[in-house]
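Peer 1: With the hints as extra help, turn the sequences into a complete structure.
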Amino acid sequence: MLKLSWIYTLLGLFVLYAALLNLRERRWSMATFWAILACPFLFGDLILAASSAGTRWPAQAMGVGVLGLGVMAARGGLGMASDDAAAQAARRTWAQRLGNRLFVPALAIPLVTLLLVLAGPYLRWGGVPLIEDRQSTLTALGLACVIAFGAALRVTRVPVATGLGEGRRLLDALGWAALLPMLLATLGSVFATTGVGDAITALVGALIPTQSALACLIAFALGMVLFTVIMGNAFAAFPVLMAGVGLPLLVQQHGAAPAILGSIGMLTGYCGTLLTPMAANFNIVPAVLLELPDQYGVIRVQWPTALALLVVNFLLMWWLVF
Amino acid sequence: MNYWPLLGVATVVAGFVLRLNPVLVVVLAGVVSGLAAGMGLGDLLAMLGDAFVGNRALLLMVMTLPVIGLLEHCGLRERARDWIASFRGLTLTRFLLSYLGLRQVLSMLGLTNVAGHAQTVRPLVAPMSQAAAERTTGTLPAAARHRVDAMAAATDNVGLFFGEDVFIALGAVLLIQGFYAQNGIELEPLTIALWALPTAIAAFVIHALRIARFQRRLEREARAAQSATTADTREPAC
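From first to last, the protein sequence lines are chains A and B.
Just so we're aligned, residue 1 is where the first sequence starts under the numbering used here, counting upward by one.
Just so we're aligned, residue 1 is where the second sequence starts under the numbering used here, counting upward by one.
Warning: the hint list may mix true and false statements.
What the hints assert, rightly or not - With the Cβ distance kept under 8 Å, some of the chain A side facing chain B (calculated, not the full set):
1. 1
2. 2
3. 207
4. 262
5. 270
Everything labelled a hint here was simulated from the structure, so no lab data went into it.
Don't be surprised by glycine CBs; every beta carbon is placed ideally from N, CA and C.
Peer 2: Right, dumping it as structure tokens:
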């Protein structure tokens, strides 16, 4: 049975490979950075198992590693290596020779993922499902990447080392931006554990005139957006704002329809996701991937859509929930 | 009520205002918020480590990098541009609208990881968008190309966000249902999902209008640049 943990191991080995190449080129901080990042993928299950068994030092060591990543990221640079004319000409030649065959491995990632997700429940080997049910989409994506890599090697006939080296080039170029989504989610967990949400709820409750349904709805909508902007994730904002404003004030006191409030309230939070650098995987990572000179380039083109949708969502809630 | 953990939020805001490295800001904010909540160093480190490992699924996009890197080395982006440029009648608006619609429908079916910035935007959608834009504007200057790339990424985000809530078995809807269930309100996931449809449609319409305006603006800028160069013919063309 294929498990997500196998994909994680593979990913960990690739990150470790990037660390070793950097070590060989004497780029010490880059090498250390990737070596630390390989740990949650190579030893993640062991760390979690140790924690739930009461042994705390593995998780604490990982915590020290997180602090180390923070310090190293602050010193490291970022950005794609510049492109020279010879490489451009070589790529043109490749493109002309291979033509549309180049699309096959690229499209294999989404198509094989799709196929595995759809066919997954029916793929069995001696009664055992071929792909583990838990987080099967992620397993399917990982597997699709492996298959697509094989297809890419076949189509282009370049050595495996070249392929992995090109992957490492992209990883180095992403640098700390690759890590940011994972760290932000970590911060979300930390905020939840330390009671940041409860404190905000108490503040909002003390500040708004609760007898007005409109004031409560405005506080709810703006709270969803603001909290999402701060946390980078509407999922983190939702329970906080629902527990503080949505449920006690809007649903219980003013009789709002819970299904509509929940659904459109969450989508109001998504408008905040479009606005914030904290949602790094959607807003900062693509800016780096696309080599935009401005880190906030993606946010700059999408904020008008976000604000217009925010207004639409607010009006929809105002008309529909009461 | 202990308000001190809010210092973590303040750290985040201050860090971004001061334009410090985001990774450093996030790590600092975690430490500040933990210490402010009265946690010991051992607990704090263990919490950071556990949470970091628990969220590792977010780095799965790294799996796509060897494939994308290898194909780009062999001219994938150049081929994507040439291929789109060979379609007559394909404009930036038509191309990005098709992608937006496709992305929304796929997300509605729960297929959120099928496309994405690493999987599809960088290798395919961005170069194709440039080629589609240049069909009506001629060769774009670098700054305009960056804006086209950014618009391609934004289109992916809008399509993903405002499609996925319509799918019942995905995070958002289950989170909403789970929250209400904990508080004694039983809801069918389907009723929650259906109320995401009006916003999904509004998102498509609003973003479609913006893409169309964006294309017109690119064309206007291109015409202005062209008339500026033809007016001043003494400048050598290069």
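Peer 1: Sort out which numbered hints this structure fails and list those numbers smallest first.
Peer 2: Hints 1, 2 and 3 contradicted; others consistent.
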